[in-house]
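If you read the protein sequences in the order shown, they are chains A and B. Using the numbering used here, the first residue of the first sequence is number 170, and each one after it goes up by one. Using the numbering used here, the first residue of the second sequence is number 170, and each one after it goes up by one.
Hints should not be assumed to be uniformly reliable.
[Claimed, not checked] Looking from chain A toward chain B, a few residues come up when the C-beta cut is under 7 Å (computed): (1) I191; (2) N193; (3) A200; (4) R202; (5) P206; (6) V210; (7) N320; (8) F347; (9) V462; (10) G475; (11) V531; (12) F599.
[As the list claims (entries may be wrong)] Simulated DEER-style distance windows between Cβ atoms: (13) R429/B x G414/A: 40 to 48 Å; (14) F599/B x R215/A: 51 to 59 Å; (15) G553/B x G442/A: 32 to 40 Å; (16) T548/B x G182/A: 41 to 49 Å; (17) A321/B x G255/A: 49 to 57 Å.
Please keep in mind that the hints were generated in silico from the structure rather than gathered at the bench. Glycine included, each C-beta is placed from N, C-alpha and C at the ideal position.
Protein chains: 2
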Amino acid sequence: MAEPLRIGLCGLGTVGLGVVDILNGHGRLLAERCGRPLSLVSVSARDRNKSRGVNLSGCDFEADPVALARRPDIDVVIEAIGGSEGAARQVVETAIAHGKSVVTANKALLAHHGIALATAAETNGVSLNFEASVAGGIPIVKTLREGLAANALERISGILNGTCNYILTEMERTGASFETVLAEAQALGYAEADPSFDVDGIDTAHKLSILTSLAFGTAIDFSSVHVEGIRNVQAIDIAYARELGFRIKLLGQARRIDGRIEQRVHPCFVPLGQPLAAVAGVFNAVLAQGDFVGRVFLEGRGAGRGPTASAIIADLVDIARGLRVPTFAVPVGRLTRGQALPIADHIGPCYVRLRVLDRPGVLAAMTAILARHDVSIETMIQRGRAPDEAVALVMVVHETKDSNLASALAEIARLDSVVEQPCRIRIESF
Amino acid sequence: MAEPLRIGLCGLGTVGLGVVDILNGHGRLLAERCGRPLSLVSVSARDRNKSRGVNLSGCDFEADPVALARRPDIDVVIEAIGGSEGAARQVVETAIAHGKSVVTANKALLAHHGIALATAAETNGVSLNFEASVAGGIPIVKTLREGLAANALERISGILNGTCNYILTEMERTGASFETVLAEAQALGYAEADPSFDVDGIDTAHKLSILTSLAFGTAIDFSSVHVEGIRNVQAIDIAYARELGFRIKLLGQARRIDGRIEQRVHPCFVPLGQPLAAVAGVFNAVLAQGDFVGRVFLEGRGAGRGPTASAIIADLVDIARGLRVPTFAVPVGRLTRGQALPIADHIGPCYVRLRVLDRPGVLAAMTAILARHDVSIETMIQRGRAPDEAVALVMVVHETKDSNLASALAEIARLDSVVEQPCRIRIESF
């Protein structure tokens with residue numbers, strides 16, 4: 170059997186410990202699959218003496234992760250620190266500069282510095298693998314980079330944040346508000362104390378920007394992603410979605426339309442019966458559409474110790490087997506700068522909910538504004554009567570330019586009889 | 170850019186033509202992804218002059234596919250002839266013996282000769298890739314061989330035959346009989362004139378035996394697969410399934426249980442709400458369960474020109490990129506001979522349907538037989554009354570040993586009041 174692959178692990182949080190679990194538990198299996206042992210040589214973490222419940226007796230401890238990344242007796246560095254700057258970035262840059270391959274789960278780092286890091290990896294002839302950075306245990310990076318390599322990809326849609334999907338699933342199941350379910354999710358450890366990265370869609374946007382690059386051969390362009398989170402989704406919207414034959418999901422979506430690249434993250438109405446609508450709880454999923462393969466759908470656990478570590482070890486196995494693919498599927502020099510299609514130019518149907526005073530003439534005023542902005546109504550629901558009180562008015566509007574609808578709703582919001590900012594949720598079809 | 174990868178293609182049926190489509194349509198894209206052009210040098214087919222609607226002007230024609238497989242100016246041979254013997258086998262054996270990598274979609278060939286071919290490929294240092302042989306465009310071979318390589322896999326369940334899934338879907342949609350829907354499927358080209366390979370489960374069994382080997386590191390053992398097809402599924406069973414909260418699917422399933430390997434292909438009751446239950450029409454899907462990653466579910470088109478060719482080209486891209494993995498994930502010498510767990514030892518719940526004469530004492534006789542064989546009833550449905558006429562009697566029985574239920578049903582079938590062979594369909598849970 171060939172020489173062991175010598176591994177350095179930076180970070181002993183949930184992800185790092187999962188990696189140790191697998192290396193300890195499946196040493197023989199992995200050696201058979203790789204044709205060589207995977208040997209954990211050194212670990213680095215903030216606190217050396219913390220009790221972690223895993224056996225680290227076979228490896229030494231390095232206080233400084235950047236020093237670990239320089240060590241000549243290490244072939245591959247796993248970066249499991251997190252964050253787009255600071256130690257994580259330094260570790261990755263240092264390891265690559267020292268001719269070591271890197272495995273990381275760090276989507277923020279890739280979204281912000283992916284191209285520079287890929288360039289460095291290419292220059293130094295090493296791998297930069299990041300399967301765990303998107304959709305946890307689902308092998309979506311490998312699927313896009315290799316499995317669907319025969320196709321020009323046309324569209325990619327994913328449920329990429331388990332926290333948001335859990336919250337939306339629980340809101341539907343219980344009828345409770347966003348705030349209530351978020352608090353429960355925090356108590357259960359499914360949401361961070363500061364949930365902004367997740368619920369405001371930033372985490373999904375990081376991941377989407379990576380998938381977009383892999384799918385379309387474009388340089389990562391995180392700043393062009395249109396991002397809306399799920400804070401404004403109300404229980405009433407979830408109920409209306411159901412009534413209209415949909416379920417609300419936070420999707421990250423990318424499409425190539427007439428040579429322009431659209432990237433958007435926002436809550437969507439997904440038709441019931443679509444695989445993405447059935448993805449519940451903390452699961453993640455990706456629907457990829459290629460010109461020859463058609464639609465391929467992948468679903469699995471998007472986070473957690475086991476699934477994330479599974480993806481990191483798969484990246485290690487590739488390196489141990491000598492499999493190297495350009496970081497973003499083609500050499501960095503071949504990545505194009507896709508012109509961004511702004512959300513204002515997005516065209517699609519939409520759900521709109523207003524709170525209006527139940528007075529004569531309200532409907533006439535609103536529909537006139539919509540007509541003036543070229544927005545046509547498919548369905549309208551108003552229930553019950555409560556003269557001079559506020560009632561919910563729900564509409565589904567036909568395919569319309571996003572900016573037209575936005576202008577119309579801004580104007581409608583200024584009507585005296587409209588008592589709340591209009592709520593709009595785009596409707597997707599697949 | 171590096172030297173082109175020189176390709177020989179044997180077989181210009183649906184699959185072969187799909188390969189030509191992609192090579193012609195995506196030449197530049199593929200060259201970027203591979204770092205070298207994919208060049209179709211020669212094709213072989215039975216009829217040289219048939220009009221096929223694709224441009225083959227860039228390559229020559231070889232009348233004898235085995236001669237093509239020997240040519241020194243070819244690096245990789247694509248076998249798209251089909252069948253486990255004859256020309257297909259000879260082409261693959263010849264190509265490997267001449268130091269060429271092989272890409273094939275031929276599940277029958279692999280199920281019967283996979284180990285010998287893998288041994289030859291290993292000896293000759295070439296790749297034997299077969300992504301297209303299972304589940305068409307879904308990258309399930311790559312997922313098992315690489316993407317989930319960190320896991321000991323525990324179970325794999327797949328809808329692997331689009332013809333059967335189409336027939337079952339249509340039977341549910343229309344309420345028509347198997348025979349009626351089969352005839353329609355034949356008229357539409359979704360089923361062969363001789364449908365036996367598909368509807369009797371053999372095709373699914375071929376594919377399952379390949380997945381089992383990849384998942385568990387065992388030598389392919391096609392002869393141990395328990396195989397039942399869908400000919401005996403009746404419209405009434407589909408209706409009862411629905412009523413009981415299930416949908417009938419033909420699954421190929423493999424599990425490792427106490428060191429033994431269970432492989433079975435038969436119609437199953439799949440709980441509604443499970444992703445496998447929602448797979449409709451000609452789509453295929455695989456649910457894989459690993460010890461760290463948990464469940465991963467993949468769905469896509471399982472056949473057809475585009476999806477199958479997509480998988481073949483992905484295999485070519487791997488070869489062009491220099492990625493080589495042992496044929497069945499570990500070297501042939503490391504594959505174990507898994508002891509087979511026979512269907513008689515399978516334990517699970519089951520749906521049973523009988524046609525019995527509506528007479529006093531029938532139920533007492535039946536339930537006594539079931540009790541004697543240790544089979545316990547969870548649900549029983551008998552509707553309507555028709556004294557002395559035959560009525561349907563439906564039961565769900567609790568987890569029971571397969572052979573116990575088989576013995577009980579054999580005894581029940583001999584009762585005077587039982588007018589038809591009992592129908593049983595195993596119930597799966599995931």
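Now for the hints, and whether the structure bears them out:
Interface restraint check for I191/A: the shortest CB-CB distance to chain B comes to about 5 Å, inside 7 Å, so the restraint holds. About 12 Å separates the beta-carbon of N193/A from the nearest beta-carbon of chain B, more than 7 Å, and the hint is not met. The restraint placing A200/A at the interface with chain B is violated, with a minimum CB-CB distance near 10 Å, outside the 7 Å limit. Because the beta carbon of R202/A sits about 5 Å from the nearest beta carbon in chain B, less than 7 Å, this interface hint is met.
For P206/A, the interface hint is violated, the least distance from its beta-carbon to any beta-carbon of chain B being 14 Å, above 7 Å. For V210/A, the suggested interface contact is broken, since its CB lies about 19 Å from the closest CB of chain B, more than 7 Å. Given the 7 Å rule on beta carbons, the hint for N320/A holds: about 6 Å separates it from the nearest Cβ of chain B. Annotation: interface hint on F347/A violated; nearest CB of chain B at approximately 25 Å, more than 7 Å.
With a cut of 7 Å, the hint placing V462/A at the interface with chain B holds, because the nearest CB-to-CB distance is about 4 Å. About 4 Å separates the beta-carbon of G475/A from the nearest beta-carbon of chain B, less than 7 Å, and the hint is met. The criterion of a C-beta within 7 Å of any C-beta in chain B is not met by V531/A, whose closest approach is roughly 42 Å, and the hint is violated. A cut of 7 Å between beta carbons decides the hint on F599/A: the least distance to chain B is about 13 Å, and the hint is violated.
Separated by about 46 Å at the C-beta atoms, R429/B and G414/A satisfy the suggested range of 40 to 48 Å. The given range of 51 to 59 Å is broken by F599/B and R215/A, whose C-beta atoms sit roughly 40 Å from each other. For G553/B and G442/A, the hinted distance range of 32 to 40 Å is satisfied, since their beta carbons lie about 33 Å from each other. Between T548/B and G182/A the CB atoms are about 48 Å apart, so this pair conforms to the stated range of 41 to 49 Å.
A321/B and G255/A have their C-beta atoms about 36 Å apart, which leaves the hinted 49 to 57 Å range violated.
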